[in-house]
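With chain G fixed as given, assemble chain X onto it according to the hints.
Number of protein chains: 2
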Amino acid sequence: MPAHTPASDPSPASATRALRVALLGCGVVGTQVARALLEHADDLAARAGAPLELVGVAVRDVTKPRDGVGTVIPADLLTEDAEVLVDEADLVVEVMGGIEPARTLIRRAIDGGASVVTANKALLAEQGPSLFEAADAAGVDLSFEAAVAGAIPIVRPVRESLAGDHVRRVLGIVNGTTNYVLDQMATHGLELAQAVKEAQELGYAEADPTADVEGLDAAAKAAILASLAFHTRVSIGQVAREGITSVTADDVAWAARTGHVVKLLAIAEQTDEGVSVRVHPALVPLDHPLAAVRGAFNAVFVEADGAGSLMFYGQGAGGRPTASAVLGDLVSAARDKLVGGKGPHESAYASLPVLPADAAVTRYQVRMVVADRPGVLAQVAGVLADHGVSIDTVRQTAGEPPADATGTGTASLLLTTHAAREASLAATVAALDGLEPVREITSVLRVEGV
Amino acid sequence: MPAHTPASDPSPASATRALRVALLGCGVVGTQVARALLEHADDLAARAGAPLELVGVAVRDVTKPRDGVGTVIPADLLTEDAEVLVDEADLVVEVMGGIEPARTLIRRAIDGGASVVTANKALLAEQGPSLFEAADAAGVDLSFEAAVAGAIPIVRPVRESLAGDHVRRVLGIVNGTTNYVLDQMATHGLELAQAVKEAQELGYAEADPTADVEGLDAAAKAAILASLAFHTRVSIGQVAREGITSVTADDVAWAARTGHVVKLLAIAEQTDEGVSVRVHPALVPLDHPLAAVRGAFNAVFVEADGAGSLMFYGQGAGGRPTASAVLGDLVSAARDKLVGGKGPHESAYASLPVLPADAAVTRYQVRMVVADRPGVLAQVAGVLADHGVSIDTVRQTAGEPPADATGTGTASLLLTTHAAREASLAATVAALDGLEPVREITSVLRVEGV
Numbered sequence: 001m002p003a004h005t006p007a008s009d010p011s012p013a014s015a016t017r018a019l020r021v022a023l024l025g026c027g028v029v030g031t032q033v034a035r036a037l038l039e040h041a042d043d044l045a046a047r048a049g050a051p052l053e054l055v056g057v058a059v060r061d062v063t064k065p066r067d068g069v070g071t072v073i074p075a076d077l078l079t080e081d082a083e084v085l086v087d088e089a090d091l092v093v094e095v096m097g098g099i100e101p102a103r104t105l106i107r108r109a110i111d112g113g114a115s116v117v118t119a120n121k122a123l124l125a126e127q128g129p130s131l132f133e134a135a136d137a138a139g140v141d142l143s144f145e146a147a148v149a150g151a152i153p154i155v156r157p158v159r160e161s162l163a164g165d166h167v168r169r170v171l172g173i174v175n176g177t178t179n180y181v182l183d184q185m186a187t188h189g190l191e192l193a194q195a196v197k198e199a200q201e202l203g204y205a206e207a208d209p210t211a212d213v214e215g216l217d218a219a220a221k222a223a224i225l226a227s228l229a230f231h232t233r234v235s236i237g238q239v240a241r242e243g244i245t246s247v248t249a250d251d252v253a254w255a256a257r258t259g260h261v262v263k264l265l266a267i268a269e270q271t272d273e274g275v276s277v278r279v280h281p282a283l284v285p286l287d288h289p290l291a292a293v294r295g296a297f298n299a300v301f302v303e304a305d306g307a308g309s310l311m312f313y314g315q316g317a318g319g320r321p322t323a324s325a326v327l328g329d330l331v332s333a334a335r336d337k338l339v340g341g342k343g344p345h346e347s348a349y350a351s352l353p354v355l356p357a358d359a360a361v362t363r364y365q366v367r368m369v370v371a372d373r374p375g376v377l378a379q380v381a382g383v384l385a386d387h388g389v390s391i392d393t394v395r396q397t398a399g400e401p402p403a404d405a406t407g408t409g410t411a412s413l414l415l416t417t418h419a420a421r422e423a424s425l426a427a428t429v430a431a432l433d434g435l436e437p438v439r440e441i442t443s444v445l446r447v448e449g450v
Numbered sequence: 001m002p003a004h005t006p007a008s009d010p011s012p013a014s015a016t017r018a019l020r021v022a023l024l025g026c027g028v029v030g031t032q033v034a035r036a037l038l039e040h041a042d043d044l045a046a047r048a049g050a051p052l053e054l055v056g057v058a059v060r061d062v063t064k065p066r067d068g069v070g071t072v073i074p075a076d077l078l079t080e081d082a083e084v085l086v087d088e089a090d091l092v093v094e095v096m097g098g099i100e101p102a103r104t105l106i107r108r109a110i111d112g113g114a115s116v117v118t119a120n121k122a123l124l125a126e127q128g129p130s131l132f133e134a135a136d137a138a139g140v141d142l143s144f145e146a147a148v149a150g151a152i153p154i155v156r157p158v159r160e161s162l163a164g165d166h167v168r169r170v171l172g173i174v175n176g177t178t179n180y181v182l183d184q185m186a187t188h189g190l191e192l193a194q195a196v197k198e199a200q201e202l203g204y205a206e207a208d209p210t211a212d213v214e215g216l217d218a219a220a221k222a223a224i225l226a227s228l229a230f231h232t233r234v235s236i237g238q239v240a241r242e243g244i245t246s247v248t249a250d251d252v253a254w255a256a257r258t259g260h261v262v263k264l265l266a267i268a269e270q271t272d273e274g275v276s277v278r279v280h281p282a283l284v285p286l287d288h289p290l291a292a293v294r295g296a297f298n299a300v301f302v303e304a305d306g307a308g309s310l311m312f313y314g315q316g317a318g319g320r321p322t323a324s325a326v327l328g329d330l331v332s333a334a335r336d337k338l339v340g341g342k343g344p345h346e347s348a349y350a351s352l353p354v355l356p357a358d359a360a361v362t363r364y365q366v367r368m369v370v371a372d373r374p375g376v377l378a379q380v381a382g383v384l385a386d387h388g389v390s391i392d393t394v395r396q397t398a399g400e401p402p403a404d405a406t407g408t409g410t411a412s413l414l415l416t417t418h419a420a421r422e423a424s425l426a427a428t429v430a431a432l433d434g435l436e437p438v439r440e441i442t443s444v445l446r447v448e449g450v
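In order, the protein sequences belong to chains G and X.
Residue 414 in the UniProt record's numbering sits at position 414 of the first sequence, with consecutive numbering throughout.
Residue 228 in the UniProt record's numbering sits at position 228 of the second sequence, with consecutive numbering throughout.
Looking at chain G on its own, in the form it has when it is part of the complex (with noise of 0.2 Å):
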């Protein structure tokens, strides 16, 4: 396989062995990765302090046309055979996604002591802890910047800026889809089938946009964040999840009525408990640097004991954005293998327990629609107290009026809560519904960021 060196003379301080970078994957994230090896390979060896030799790309079939294969990128470089590649590199690239055959090359890079970068967060959430372990007994870097939020540096600084600070949580807007599909709703009043629509048609969201909606691909990115954060390997089982499908045009409204937006956001945050992981649709003040983040663009918050308050903004997905997050660990990692050594070891020294969705605290907005006559509310916060949970505000609005004169009419009741735990808040809604005058409980919203 012919190898594309850099075009200009290395000046002769700098004539390093080059390195040799394995890509596996071709899609638009490889692409520009491979694009990048080729077109700013001074730059690259000069960051790098050698230069980064692209050796070859691994895909499934070599006959499919490709996008840049035959113009920016040489079509001899493509292989079907990842294992030969992969055994020749210093450096692994592994844009490929899914679990399998990624889980394995990577392993194989490993043990063969390439050091790896990948953008894969499925297999991370799922199979990090092996991997890095096998990456420490190696001394070799398995880096993986690109994984969470694209572009956005946030790896990087939890890890490293923040190693002498306490990290007490984050919050993040990780999944661009979603965040565009609420934004769409807020802004334009449309339903959540609407905006998914829209968002298919500008190719914001996949043509089976589940991963998205429900919360999977930010479960998988709250899972790294709370690892990383936390010092504790996080799964993404152990993340508490649950999507924006129940998200109505209606809850939109009422937020902003009542000074909030909705926002998917990936919850990480330490209790004296435990660690709390979680990913669910919640209410953010409109103060709240999140609340201004708009369109598919992501945000991670981060609150530390030191720091104070932390925001990290960009685009969390595309194809240049994602290959600049993995050409920068790229560089560490060649760094690294210059000098022999290899980047800060996955940390899990602190191995807290991982909470039960249920023992999450966090204040809630409760709607429902309930009879329109005295004594209503002091029922229902009769059952609010029952179960400890306090009340903060209460916003009652007039509903249907009855519907003959000896009936009885109906409003629409507002509750916002204090702190609570998951558990009571289910208890006291599943009370309330069972509540003679509440005719229907409307929305349960969490308030996130105060």
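Bear in mind the hints are in silico, worked out from the structure with no lab data behind them.
Note that the structure is predicted; figures quoted are calculated from it, not measured.
Please note that the accuracy of each hint is not assured.
Some chain X residues judged to face chain G by a derived CB distance under 10 Å, without partners named [what the hints assert, rightly or not]:
#1 40
#2 160
#3 297
Computed footprint of chain X on chain G; a stretch qualifies when at least three of its residues, placed anywhere within it, have a C-beta under 8 Å from a C-beta of chain X [claimed, not checked]:
#4 61–72
#5 105–117
#6 429–435
We put the CB at the ideal spot given by N, CA and C, even for glycine.
Chain X alone, transformed into the frame defined by chain G:
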């Protein structure tokens, strides 16, 4: 000098030799660094890979009463002999500030083989190159995350996360005092002097606010950011600088009327000709993420070819936030020390020309009072055309009526230009000022972030 090692038993696996940490300076930042080293020794040891042992704190006068000394920090850790302290350290934290003796002590530490963490922006912006060369020669780290934007991780993201990308522009709100002052002017309609006085009373501004309001502090940070972003050495003397002292309540009110907010920006951008680095007040459109940065918060907005737009937001000053950044660097330097390596070298390989102030290219908003009679706008527009400056928008509003029946009244004219060279704009403004119907050039403000 007694050593204060972590209280708990290190497990056999982590029974690495402790790294000896010398702290130079015991002000608000130094006290917080010492506190963390003493109170969170176990966490820091787990993250660094070895205990970090605070072996001493150098101060000018050990007899001076200090908060925390004698309680949090054992008094016997204090010493006036900084040189002896430096000589016995593996890691030196410099938080004393100022050029000397900080420079000599840092140099002594480096030459003796210690890695150095500093928060000293003034020193780096002036003496950075010689110190980085010395650190590279000695194979030690010289880290400075705390020198720019306090707790916000920005040095590491720009240097490492974006190492595979091409940064085009950096726009930073990097001085909390001036941001607080401008925010108060915008929110409460205050004049600058009132807002500064209030900031002083609240501790956001120093008794002598010169370094802040004249943009000196921001200029040092601009030089550091430009050096990192463009792999080019930029010193503070090369930064074009204008403070906020000429910004009036009227400017701020007009900004709001035209959909902008006035911010003091540190700007570093690459053009075809080189690198432009400058600090000046600027009109930022309200829908730009930097416009929402309120109070004393800092934020750095980065535009890169691959990553697109990124923003990093947080607290830019204060003892605990700055200490958080110092400790992050300290843990990284310790990890590097343990493997006998060092982090990324200072990278100045690109060595781009740093452009003079008048080569900057930006948009302008010019407000002026003109005679209210036909033909004036044509004359004004003619002056701009003669200087090759093209007009984007014009807004004319009624001014004073004529003083008597034979006189001419005045009107206010607000021009927004397309991007133009600073030199062309300066010549244009001079020519306008000499134009008969122009009574006054009320203000000239640059427009950034579009």
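#### Entry: Structure-inconsistent hints, enumerated in ascending order
Hints 4, 5 and 6 not satisfied by this model.
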